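Visitor: I would like the entire structure built from these sequences, with the hints used as guidance.
Protein chains: 2
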Amino acid sequence: MNGQPIIVQKYGGSSVADAERIRNVARRIARRRADGTRVVVVVSAMGDTTDDLIALAQQVSSTRPAREMDALLSAGEIIASALLAMALQDIGVDAISLTGLQAGIRTDRVHSKARILNIEPRRIVDELDRGRTVIIAGFQGVTSELDVTTLGRGGSDTSAVALAIALHAAACERFTDVEGVFTTDPRIEPRARKLRDIGYEEMLELASAGSKILHPRAVELAWLYNLPVLVASSFTDAPGTLIHGGPSMEPANKARGIAHDYDVAKITIRGVPDRPGIAAALFGPLADAAISVDTIVQNASLDNLTDLTFTVAKNDLQRSLEIVRPIASDIGARDIAADTNLGKVSLVGTGMQNTPGYAARMFRTLADQGINIDLITTSEIRITVIIKESEVEKAVRALHAAFELDRED
Amino acid sequence: MNGQPIIVQKYGGSSVADAERIRNVARRIARRRADGTRVVVVVSAMGDTTDDLIALAQQVSSTRPAREMDALLSAGEIIASALLAMALQDIGVDAISLTGLQAGIRTDRVHSKARILNIEPRRIVDELDRGRTVIIAGFQGVTSELDVTTLGRGGSDTSAVALAIALHAAACERFTDVEGVFTTDPRIEPRARKLRDIGYEEMLELASAGSKILHPRAVELAWLYNLPVLVASSFTDAPGTLIHGGPSMEPANKARGIAHDYDVAKITIRGVPDRPGIAAALFGPLADAAISVDTIVQNASLDNLTDLTFTVAKNDLQRSLEIVRPIASDIGARDIAADTNLGKVSLVGTGMQNTPGYAARMFRTLADQGINIDLITTSEIRITVIIKESEVEKAVRALHAAFELDRED
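For the record, the sequence lines run as chains A and B.
The opening residue of the first sequence carries number 1 in our numbering; numbering runs sequentially from there.
The opening residue of the second sequence carries number 1 in our numbering; numbering runs sequentially from there.
If you are wondering where the hints come from, they were derived from the structure by calculation, not from laboratory data.
Possibly wrong hints are sitting among the right ones.
Have a look at the derived ranges for each label pair, beta carbon to beta carbon [to be verified]:
{"hint": "1", "chain 1": "B", "residue 1": "T63", "chain 2": "A", "residue 2": "L146", "range": "26 to 34 Å"}
{"hint": "2", "chain 1": "B", "residue 1": "E20", "chain 2": "A", "residue 2": "I376", "range": "49 to 57 Å"}
{"hint": "3", "chain 1": "B", "residue 1": "D126", "chain 2": "A", "residue 2": "I188", "range": "54 to 62 Å"}
{"hint": "4", "chain 1": "A", "residue 1": "T63", "chain 2": "B", "residue 2": "D126", "range": "19 to 27 Å"}
{"hint": "5", "chain 1": "B", "residue 1": "L146", "chain 2": "A", "residue 2": "I91", "range": "40 to 48 Å"}
{"hint": "6", "chain 1": "B", "residue 1": "D288", "chain 2": "A", "residue 2": "L146", "range": "36 to 44 Å"}
{"hint": "7", "chain 1": "A", "residue 1": "I331", "chain 2": "B", "residue 2": "D18", "range": "25 to 33 Å"}
{"hint": "8", "chain 1": "A", "residue 1": "L224", "chain 2": "B", "residue 2": "A287", "range": "58 to 66 Å"}
{"hint": "9", "chain 1": "B", "residue 1": "I376", "chain 2": "A", "residue 2": "I91", "range": "50 to 58 Å"}
{"hint": "10", "chain 1": "A", "residue 1": "Y225", "chain 2": "B", "residue 2": "D126", "range": "35 to 43 Å"}
The structure displayed is predicted, hence computed values, not measured ones.
Ideal placement from N, C-alpha and C gives every residue a C-beta, glycine not left out.
Guide: Written as structure tokens, this is what we have:
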């Protein structure tokens with residue numbers, strides 16, 4: 001048994017939303033074990049359990065202290081993992097559920113968004129050596145005082161990748177209700193094509209618009225340890241998408257997919273005196289308020305005055321304006337404008353910036369559709385435009401066709 | 001803070017069944033702390049949570065292995081304790097929830113009915129020393145391997161009493177939806193009177209008919225360590241009943257209450273050869289099958305043949321007959337009769353057996369009502385009769401009046 005490879009599987013909340021789906025997942029795990037593979041499973045809370053627990057907390061507390069919220073929410077994954085272990089035993093697969101504590105997942109003390117410090121997987125290895133499939137409650141760990149913590153957004157994905165690394169697993173397999181990584185959102189462009197594989201960096205850029213497939217934090221961790229991650233559906237047997245950095249990667253230097261995001265609000269500070277320290281004065285307080293600033297663009301200076309534009313999530317717009325207004329006033333800026341009717345579209349592909357013509361073709365395609373570009377930013381593997389929210393879908397479809405993303409590689 | 005007495009409170013599932021009741025319990029705890037008392041609270045799962053989790057388990061597993069059931073059910077008390085700690089903080093009471101593991105409750109490995117081996121209350125004491133109210137998930141502990149166990153029926157009551165003993169608490173206060181210990185069931189006899197206090201042994205005899213007030217296992221543990229236990233309602237401020245063995249106890253040697261039980265099935269083995277070892281041959285296999293035998297009566301021997309009668313819970317009747325029939329046949333007994341239309345009524349009071357007249361008055365009262373007595377057994381503080389099920393209520397009312405239990409002490 002000891003020589004067989006270890007696979008860490010992760011099943012999301014929708015995959016275990018009710019008893020029938022839990023039994024379905026148990027059958028999938030049983031099949032995965034058939035060739036002798038040793039399987040460790042990380043599971044999220046069933047369907048709406050976490051939301052239901054949060055609603056209860058809101059009814060008893062206006063403050064909802066983070067330590068107690070972590071203790072409360074950890075129960076959701078404990079329930080799912082125990083039920084899945086039972087369902088496995090019911091079909092003849094020896095299985096055992098472990099909490100984050102029992103699985104040896106140690107974190108820092110930052111409740112509700114803890115980071116994993118280390119994993120002491122002795123208990124997991126012991127149970128695998130006994131021939132058992134080990135089911136681990138995702139999203140949770142413990143501090144050195146044995147207080148329960150949760151890992152925050154994407155926590156179960158991060159649990160799974162971290163456990164795969166600690167167990168020297170051959171791969172991590174992440175199952176959810178989508179079949180893999182697509183060239184773009186199939187709800188917008190029906191010809192969107194599922195990718196057979198994709199590199200870590202491209203995955204990060206594609207995932208940044210919506211973390212449902214695999215949380216960016218988990219992608220970064222997998223990248224750091226070069227762990228292959230398969231993302232696939234728990235409802236079908238269709239092959240998924242392999243995220244990896246190996247030699248079988250598809251040709252680089254080409255467009256791989258189009259990401260989009262409706263959650264964009266823009267703030268423009270006009271007539272900013274062009275002197276050192278202005279950006280720090282503005283963005284320091286925003287960071288202190290835990291507001292994530294996305295795109296930042298500063299226009300060329302004219303008469304020693306410049307326009308500074310940045311985007312934030314729509315939810316953060318009001319707080320951002322409250323923070324920025326007095327600062328803008330202090331530094332002598334002319335005025336502030338805000339716009340929420342915006343969306344973001346990104347063309348992603350390795351090395352695009354080094355290959356002439358991609359940006360030009362992208363801008364021409366949008367112009368042919370009569371779409372006006374509000375802002376442009378680029379990274380090594382991405383060209384992003386901010387456009388009108390109402391034109392995002394049209395832009396996605398036009399770019400998908402222009403870059404022939406529906407064609408098989 | 002250190003010099004203040006510690007009180008352990010226990011709130012049952014009905015007391016924390018929804019958000020409003022949890023907030024109500026939080027306000028009660030806040031009042032209890034007002035004089036500086038250090039409060040530790042043991043809490044059960046909310047209302048139907050445990051039943052809901054069992055129903056889920058039944059949908060995924062026909063076998064429901066005990067280790068995984070314990071892991072599953074432990075989540076119910078974790079949820080309730082975290083919510084109660086939040087509700088306390090919301091009204092300005094510094095509070096922290098602890099799981100059975102964090103509270104240092106170590107048990108044996110008998111899942112679903114574990115026994116507490118010891119409690120290492122260091123973490124609890126540390127938190128009390130910080131001025132915090134400590135909320136502990138009842139019903140659960142851990143093995144030396146840190147596997148979660150549950151304590152079985154009456155588990156949260158036992159958690160509370162054991163914690164009170166380990167913490168050298170001044171008392172344990174057990175809150176539920178009944179106001180205390182009554183002279184008999186108020187639903188049968190409206191003149192039933194709540195007792196101000198009662199001894200451990202009397203409580204055990206009264207509670208044996210229904211363990212809703214305080215589980216017998218918890219009573220026995222309190223008795224062993226002479227820990228006073230107050231039972232009272234969490235919905236009113238009415239004074240409850242103090243269970244204790246102290247000097248302020250009400251006069252002994254008098255009737256204190258009447259217990260009854262409808263869950264009685266009788267098995268009579270007729271024509272049993274009167275020789276040593278027969279009882280062992282019968283009751284050993286029943287004990288091995290975990291069937292609890294209540295009353296045992298053996299009639300006087302006649303022609304070296306005797307009739308042996310015993311009672312079990314109605315649920316256990318069929319299995320008991322299956323076990324007993326071949327044994328009765330082996331030992332040459334004549335036949336077996338079973339009767340399920342029976343009930344049990346007990347008159348309870350310290351030292352009754354040493355005080356002439358109680359039994360006679362009991363039997364005369366029943367005779368005056370035309371009630372036929374099927375079996376009689378007695379202990380030092382109890383006289384029990386088995387009668388027709390249909391006559392139990394009449395018997396309870398008649399005895400309550402005959403022994404003037406409605407009168408204030």
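Visitor: Each of the hints needs a verdict: does it hold here or not?
Guide: Hints, verified against the model:
1. T63/B x L146/A: 26 to 34 Å: holds, 31 Å
2. E20/B x I376/A: 49 to 57 Å: holds, 54 Å
3. D126/B x I188/A: 54 to 62 Å: holds, 56 Å
4. T63/A x D126/B: 19 to 27 Å: For D126/B against T63/A, whose Cβ atoms are near 23 Å apart, the range 19 to 27 Å holds.
5. L146/B x I91/A: 40 to 48 Å: violated, 27 Å
6. D288/B x L146/A: 36 to 44 Å: For D288/B and L146/A the Cβ distance comes to about 39 Å; the hint holds.
7. I331/A x D18/B: 25 to 33 Å: violated, 53 Å
8. L224/A x A287/B: 58 to 66 Å: holds, 60 Å
9. I376/B x I91/A: 50 to 58 Å: holds, 54 Å
10. Y225/A x D126/B: 35 to 43 Å: holds, 38 Å
The earlier numbered hints that this structure contradicts are 5, 7.
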